[in-house]
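Visitor: Okay, here's what each chain looks like letter by letter:
Protein chains: 2
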Amino acid sequence: MIETIRVELGNRSYPIHIGSGTLAGGDLFLAPLEPTEVLILTNETIAPLYLAQIRANFTKKSCHNLILPDGEAHKNLETLEHILTFMLERGFKRGALLVALGGGVIGDLGGFAASCYQRGISYIQVPTTLLAQVDSSVGGKTAVNHRLGKNMIGAFHQPSAVITDTKTLTTLPDRELRAGIAEIIKYGLIRDFPLFEWLESNIDNLLGRDSYTLKTAISLSCKNKAEVVASDEKEENIRATLNFGHTFGHAIETALGYGTWLHGEAVALGMCMATRLSYAIGSLTMEEVVRVESLLRRADLPIVPPEGLSEDALLTVMKSDKKNVDDRIRLVLLESLGSARVTTDYPHEKLADAIKNGSVS
Amino acid sequence: MIETIRVELGNRSYPIHIGSGTLAGGDLFLAPLEPTEVLILTNETIAPLYLAQIRANFTKKSCHNLILPDGEAHKNLETLEHILTFMLERGFKRGALLVALGGGVIGDLGGFAASCYQRGISYIQVPTTLLAQVDSSVGGKTAVNHRLGKNMIGAFHQPSAVITDTKTLTTLPDRELRAGIAEIIKYGLIRDFPLFEWLESNIDNLLGRDSYTLKTAISLSCKNKAEVVASDEKEENIRATLNFGHTFGHAIETALGYGTWLHGEAVALGMCMATRLSYAIGSLTMEEVVRVESLLRRADLPIVPPEGLSEDALLTVMKSDKKNVDDRIRLVLLESLGSARVTTDYPHEKLADAIKNGSVS
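Taken in order, these protein sequences are the chains called A and B. Our numbering numbers the first residue of the first sequence as 1367 and each following residue consecutively. Our numbering numbers the first residue of the second sequence as 1367 and each following residue consecutively.
Some hints could be false.
No distinction is drawn between identical chains; accordingly, a pair holds when it is met within one copy or between any pair of copies.
Simulated pairs of lysine to any residue, SDA-like, Cα-Cα distance not exceeding 25 angstroms [unchecked claim]:
id, residue 1, residue 2
1, 1716, 1414
2, 1716, 1386
3, 1459, 1439
4, 1516, 1626
5, 1459, 1708
6, 1459, 1442
7, 1685, 1414
8, 1427, 1449
9, 1589, 1387
10, 1516, 1651
11, 1589, 1456
12, 1685, 1447
13, 1716, 1675
These aren't lab readings, by the way, just hints derived from the structure by calculation. Because the structure is a prediction, the values reported are computed rather than measured.
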């Protein structure tokens, strides 16, 4: 059975379809669009697994595919230009459709290409990693990296649909599955305490890739993301709480060198740091901090900084975050388990402590 | 006296300020924005003339300027990246403001850079050519060129304000002034017959750069553009009528090689071709065609194809226009003087005739 969640954004509203076998969805891909041309954008890892299945939905259309090398290193302006040139050379018109089949890199690149090709064409997200399914495929944030920062060049461009097939998770490496779980835990922590409790009861089934548990986790996550995006599309206020753990996380990724840790792993450790800081300023009890760490640990996600990660290096990167409004580092902190707020109001030395200290439990 | 026209687009509404001496406007530039940093983007021709004046408005801000070489050849992804890197290197945040000081190339480049820098920052258009003042600075169309087509990569990103100083027209070359007049005549033809008649009476004062006449022409043009944009921001229907003469015009520019003719000159000849086709299918009388040609001729704008411009070359380019929905060439034709519609419904041989034939008068 396919579950459908709507992202309510007026004339930019769209459905998120979640189910097993949706890749062969046919109508899901075409209705209500009637594309003049179709580009399926994917990468070398995903193409042999799922490209043929997707193409089968577009037999009656002029359908092309472009297979990129795998990896974050290719999420840049050069690859963007390559995609745009590919479409121009094949005479793609404004009525064209781009289908982004892959993880966060393909989704971000494909979405940005769709946003600026002839000032905007339609695109569909077909996320194949858990992280993309619960987070990056929903909400219209698209971007490429610049050598001076991640996601520094991009656009808000909502997809026409998100189509998630839980079957694609059967081929996902374990480490990437866990990285996706970090983002699910995030929704529990910042706005959905029942989801947090549900995860405490179901984490083992989730790690065991039980199909029903996966679908439930994805749909509960998408519901949270859809609500937040609907109320603050351009991240002017509440949407910023979705960055819980991310300011720390991006700094960890930068300090370690991209590719060393997965995004979700860095976010997990970042959430621990933010949780410890929330405790240090009196918003959480020690028992609550232990609960958070314990759930992350059960998902085999990192909760202590790796050897040699320098506190100063982290703080330097965090100060240059694009979300800062002045010289203070803007952070998302917990008010309780299931509630978060964006703030710059905390003592700086407690931030340094929260970064330095290891696990409390 | 400064005249202000509002472009009504909900929370993306903005003012167009038109007057003499507005460059020294101070408050016009800052209120209601409080930018964290300011980038003034301009070119080598404009910088010595007006950069100091603009900078004087931002003495209390962290203000940088970036001076590009002049010309359409630089409106590409490479220059875009250069602008984005410039801002990243100087730590520009999401609260930054870009001021695009120049003609259409600077406006299109600056607007697109603002649209994708950290997924969108504010920008102000300060158009210094008549063409930019009456057309390209208003409406949020931003883009760069690709070797396979003009404006193929871009975004809809509305400015926070348009500030037009009629004094900047004193340094504008004659040929560029006339090219701008072509776009003013366009508004008269497609939706504002009183403006067309006003132009018939005032064309000599306009060419003589009478300050009051210029201001009136700019403000009547902006009023038309603002109304069209307000009712169809993303060019889903009525905004397409603004392309009157442009499908022909772009083809003429491409066929002659960019830079041979100015955009406004190509549009003038394109409007003649569209007018002749409108006559050929019975929408206009011969007297009306003569009136159109006569006004364009008084503005010293081209109304006959140059030697050696091949009809086939033009048709080939027109067929690849991004506005086409199928294999038929979509054109804007006149229903009467002051009224236009988008159509593919005309006999193909009459299109060929309209391109081939010279002036009727």
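Visitor: With reference to the structure, classify each hint as holding or not holding.
Guide: Structure-based check of each hint:
no.: 1; hint: 1716 / 1414; in the structure: neither (49 angstroms within a copy, 51 angstroms between copies)
no.: 2; hint: 1716 / 1386; in the structure: neither (46 angstroms within a copy, 55 angstroms between copies)
no.: 3; hint: 1459 / 1439; in the structure: between (29 angstroms within a copy, 24 angstroms between copies)
no.: 4; hint: 1516 / 1626; in the structure: within (15 angstroms within a copy, 41 angstroms between copies)
no.: 5; hint: 1459 / 1708; in the structure: between (42 angstroms within a copy, 17 angstroms between copies)
no.: 6; hint: 1459 / 1442; in the structure: both (24 angstroms within a copy, 20 angstroms between copies)
no.: 7; hint: 1685 / 1414; in the structure: neither (42 angstroms within a copy, 37 angstroms between copies)
no.: 8; hint: 1427 / 1449; in the structure: within (19 angstroms within a copy, 38 angstroms between copies)
no.: 9; hint: 1589 / 1387; in the structure: within (20 angstroms within a copy, 53 angstroms between copies)
no.: 10; hint: 1516 / 1651; in the structure: neither (34 angstroms within a copy, 60 angstroms between copies)
no.: 11; hint: 1589 / 1456; in the structure: neither (38 angstroms within a copy, 39 angstroms between copies)
no.: 12; hint: 1685 / 1447; in the structure: between (31 angstroms within a copy, 24 angstroms between copies)
no.: 13; hint: 1716 / 1675; in the structure: within (18 angstroms within a copy, 73 angstroms between copies)
The structure is inconsistent with the numbered hints 1, 2, 7, 10, 11, although it conforms to all the rest.
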